[in-house]
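Asker: Order-wise, the sequence lines are chains A and B.
The opening residue of the first sequence carries number 1 in the UniProt record's numbering; numbering runs sequentially from there.
The opening residue of the second sequence carries number 1 in the UniProt record's numbering; numbering runs sequentially from there.
By construction, these hints were calculated from the structure, which means they are not laboratory data.
Worth double-checking, as some hints may not be accurate.
Stated by the list, open to error - In the SDA-like style, the derived pairs of lysine to any residue whose C-alpha atoms are separated by at most 20 angstroms in a straight line are:
(1) A:187 <-> B:148
(2) A:239 <-> B:108
(3) A:187 <-> B:136
(4) A:239 <-> B:109
(5) A:239 <-> B:40
(6) B:29 <-> B:40
(7) A:239 <-> B:145
(8) A:187 <-> B:299
(9) A:187 <-> B:40
(10) A:239 <-> B:148
(11) A:187 <-> B:150
(12) A:239 <-> A:220
(13) A:239 <-> A:125
(14) A:239 <-> B:131
(15) A:239 <-> A:250
(16) A:239 <-> B:130
As the list claims (entries may be wrong) - Derived DEER-like restraints, expressed as beta-carbon distance ranges:
(17) A:145 <-> B:36: 27 to 37 angstroms
(18) B:106 <-> A:131: 29 to 39 angstroms
(19) A:131 <-> B:103: 14 to 24 angstroms
(20) A:131 <-> B:211: 29 to 39 angstroms
(21) B:147 <-> A:144: 42 to 52 angstroms
(22) B:270 <-> A:133: 33 to 43 angstroms
(23) A:320 <-> B:77: 23 to 33 angstroms
(24) B:305 <-> A:255: 33 to 43 angstroms
(25) B:106 <-> A:196: 40 to 50 angstroms
(26) B:108 <-> A:131: 23 to 33 angstroms
Bear in mind that the values here come from a model prediction, so they are computed numbers and not experimental data.
C-beta: ideal position from N, C-alpha, C; glycine also.
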Amino acid sequence: MLSYVARRCLYMIPTLFGISVVAFAIIQLPPGDYLTTLVSRLENQGESVDRAQLESLRERYGLGDPLASQYVTWMSSILFHGDFGQSFEYSRPVADLVADRLPLTVVLAVTTLLTTWLLAFPIGLYSAVRQYSPGDYLATIVGFLGLAIPNFMIALLLMYLGQTVFGMSVGGLFSPEFEDAAWNLGKVIDLLGHLWVPVLVLATAGTAGLIRVLRANLLDELHRPYVVAARARGMPERKLLVRYPLRAALNPFVSTVGYVLPALVSGEVVVAQVLSLPTTGPLLLNALRSQDMYLASSVILIVSVLTVIGTLLSDVLLAWLDPRVRLDQG
Amino acid sequence: MPPDLTTAPAAPRPAAPDHAPLLEIEGLKTHVDTPEGIVRAVDGAGFSVPRGKIVCLVGESGCGKSMTARSVLGLVEPPSRIVEGAIRWHRDGGESVDLAALDPRGEAMRAVRGREIAMVFQEPMAALSALHTIGDQVIEAIRLHLPLSREEAEERAVRLLTRVGIPRAAERLRSYSFQLSGGMCQRVMIAIALACDPALLIADEPTTALDVTTQARILDLLGDLQADTGMSVLFITHDLGVVAEIADEVVVMYLGTVVEHGPVDDIFHHPQHPYTRALLGSVPRLGTGPRQRLDTIRGTVPHPSERPEGCPFHPRCDVAVAGVCDRGEGPVEVALGASRGVRCVHAGAEGSAS
Chain A
1 MLSYVARRCL YMIPTLFGIS VVAFAIIQLP PGDYLTTLVS RLENQGESVD
51 RAQLESLRER YGLGDPLASQ YVTWMSSILF HGDFGQSFEY SRPVADLVAD
101 RLPLTVVLAV TTLLTTWLLA FPIGLYSAVR QYSPGDYLAT IVGFLGLAIP
151 NFMIALLLMY LGQTVFGMSV GGLFSPEFED AAWNLGKVID LLGHLWVPVL
201 VLATAGTAGL IRVLRANLLD ELHRPYVVAA RARGMPERKL LVRYPLRAAL
251 NPFVSTVGYV LPALVSGEVV VAQVLSLPTT GPLLLNALRS QDMYLASSVI
301 LIVSVLTVIG TLLSDVLLAW LDPRVRLDQG
Chain B
1 MPPDLTTAPA APRPAAPDHA PLLEIEGLKT HVDTPEGIVR AVDGAGFSVP
51 RGKIVCLVGE SGCGKSMTAR SVLGLVEPPS RIVEGAIRWH RDGGESVDLA
101 ALDPRGEAMR AVRGREIAMV FQEPMAALSA LHTIGDQVIE AIRLHLPLSR
151 EEAEERAVRL LTRVGIPRAA ERLRSYSFQL SGGMCQRVMI AIALACDPAL
201 LIADEPTTAL DVTTQARILD LLGDLQADTG MSVLFITHDL GVVAEIADEV
251 VVMYLGTVVE HGPVDDIFHH PQHPYTRALL GSVPRLGTGP RQRLDTIRGT
301 VPHPSERPEG CPFHPRCDVA VAGVCDRGEG PVEVALGASR GVRCVHAGAE
351 GSAS
């Protein structure tokens with residue numbers, strides 16, 4: 001098991017390197033370099049450019065150097081100083097901007113994941129064990145509706161209902177009075193009060209998909225010879241179900257861990273925009289639209305790293321669950 | 001190990017005399033509902049398994065032999081169901097129960113499964129869960145029916161695995177099925193089946209998925225175990241070589257019915273039913289000369305949903321009598337001695353059909 005985890009960690013290194021190269025390439029994509037963009041932007045706004053400041057920036061990012069050494073400068077300032085560069089759009093260090101939004105993104109992602117599991121697990125189980133029962137048909141219909149309706153539609157609908165029926169503001173993650181407040185119990189409660197809307201919206205599609213996956217997997221497993229063999233041993237049905245087929249059908253659940261973050265960041269930008277969530281999704285979208293290269297590449301870099309870590313976690317969990325993964329060293 | 005069932009009990013039991021069979025199947029019908037209609041997989045099969053004997057149930061694929069075996073333990077799942085018939089299980093104490101009438105999910109059936117009747121399956125690898133260790137599964141089988149602690153059950157598991165010929169059994173408890181060969185997996189399945197000293201072991205083609213040398217070893221093992229424990233074995237196979245090796249009695253099935261049954265020597269040397277004769281004629285023999293063609297049975301097995309009227313074998317039978325064999329319910333069983341029976345209009349007229 002330990003050697004498996006160690007091997008998986010080793011595999012991460014080339015992946016992470018590849019990701020950083022792609023992120024760096026994004027910085028290099030716009031014509032000119034960071035400074036030409038900065039200068040033209042400042043001039044557009046009618047501001048004068050301070051030569052000395054330009055020089056110091058050129059020094060900081062090593063802009064005159066060859067690409068390889070620029071890459072090294074950029075990476076080492078991230079790795080050793082936590083310096084991700086400067087955002088034009090916000091005129092603030094990228095690290096600060098991301099630090100504002102990343103924790104909430106992770107909270108949202110984890111809550112969504114847990115909600116997805118909590119909903120999909122019992123429904124999928126019921127659907128498979130009572131195949132073609134009215135309950136199964138209901139779950140199937142709701143599931144396909146959940147898959148078919150775009151999330152932003154659900155978001156808009158919930159906002160509308162929240163506003164007209166319940167008279168509450170459903171956008172964002174905080175009420176206005178807590179927006180800039182320091183963290184305290186009230187703010188946490190306020191966050192929880194707002195969190196359920198995006199979580200519900202984001203969880204619908206995932207839940208619907210996972211119900212179908214669990215149902216199909218379980219239906220496959222339910223009639224496998226090892227289930228019949230365990231039944232022939234005289235095992236009670238309920239115990240049998242939990243111990244054998246359900247255990248085997250758990251794998252897709254675990255595998256989803258690694259995909260939640262990228263889905264939340266890239267796939268759910270629209271929802272985040274509609275609900276004006278303070279997550280990294282809209283930040284990335286704006287950065288890409290305004291060619292805010294350091295911000296865009298940093299967000300991509302961080303989210304990719306989180307994804308790789310999430311995949312590692314799900315792999316380790318899978319190995320713990322399934323001896324075939326753990327022991328098949330080939 | 002369990003009490004030796006082959007020796008006569010000390011006191012005679014009037015309700016279950018020694019010669020009474022352990023299992024009696026009568027007029028069993030197990031049907032499968034398909035979109036094309038009802039498939040009569042088992043269609044009025046009947047035979048019995050005596051105490052302490054190995055009975056081989058033979059027939060081509062699709063003749064309903066596996067379905068019959070599964071019906072005994074209530075393991076037929078929708079869309080299949082037992083429609084009719086009785087499966088009488090005669091316990092040692094003289095008590096009898098009709099397994100066909102039990103709720104397949106009920107407590108009474110559970111008490112029989114694994115405890116009184118155990119089953120070994122065709123594909124040993126698939127019949128073991130790859131997510132659980134061998135030990136988990138053997139110990140589970142023991143503790144489902146016997147009031148043993150985890151440690152006691154583990155000791156018993158080691159003894160069982162050793163008995164079925166698994167080397168370093170204590171270490172193997174922590175192995176997974178995918179780390180063992182098919183033959184080893186089948187030995188584990190046999191150990192699981194023997195976990196609670198069953199009175200009857202149903203072996204559903206236990207050697208079909210194994211290579212030939214492994215097959216022979218598993219057959220030897222089953223024969224030894226039967227001799228040691230005195231349990232009865234219902235052995236399902238399509239391989240007449242296997243039958244010749246281990247059977248005490250043979251039951252021949254065709255299209256869901258039993259066409260002939262009797263002691264193994266009688267069946268092999270004096271087959272009465274044309275189907276049994278044809279089946280035996282299709283076995284390759286040493287010493288028949290290089291140019292000798294194998295006999296085949298004319299035609300093919302009809303699809304179970306197109307079961308012919310009358311005797312199910314008449315369209316392929318060389319001695320079928322028009323107007324007799326092709327109508328009605330088919331011939332009734334003619335008893336030829338205490339444990340011999342055949343369902344053919346020619347029955348009893350020795351040699352008339354050859």
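Asker: All the hints need checking, so say for each whether the structure fits it.
Answerer: Hints and how they fare:
no., hint, result
1, A:187 <-> B:148, "56 angstroms, violated"
2, A:239 <-> B:108, "17 angstroms, holds"
3, A:187 <-> B:136, "49 angstroms, violated"
4, A:239 <-> B:109, "16 angstroms, holds"
5, A:239 <-> B:40, "32 angstroms, violated"
6, B:29 <-> B:40, "7 angstroms, holds"
7, A:239 <-> B:145, "14 angstroms, holds"
8, A:187 <-> B:299, "82 angstroms, violated"
9, A:187 <-> B:40, "69 angstroms, violated"
10, A:239 <-> B:148, "19 angstroms, holds"
11, A:187 <-> B:150, "51 angstroms, violated"
12, A:239 <-> A:220, "18 angstroms, holds"
13, A:239 <-> A:125, "14 angstroms, holds"
14, A:239 <-> B:131, "15 angstroms, holds"
15, A:239 <-> A:250, "16 angstroms, holds"
16, A:239 <-> B:130, "17 angstroms, holds"
17, A:145 <-> B:36: 27 to 37 angstroms, "34 angstroms, holds"
18, B:106 <-> A:131: 29 to 39 angstroms, "22 angstroms, violated"
19, A:131 <-> B:103: 14 to 24 angstroms, "20 angstroms, holds"
20, A:131 <-> B:211: 29 to 39 angstroms, "37 angstroms, holds"
21, B:147 <-> A:144: 42 to 52 angstroms, "49 angstroms, holds"
22, B:270 <-> A:133: 33 to 43 angstroms, "54 angstroms, violated"
23, A:320 <-> B:77: 23 to 33 angstroms, "32 angstroms, holds"
24, B:305 <-> A:255: 33 to 43 angstroms, "42 angstroms, holds"
25, B:106 <-> A:196: 40 to 50 angstroms, "44 angstroms, holds"
26, B:108 <-> A:131: 23 to 33 angstroms, "26 angstroms, holds"
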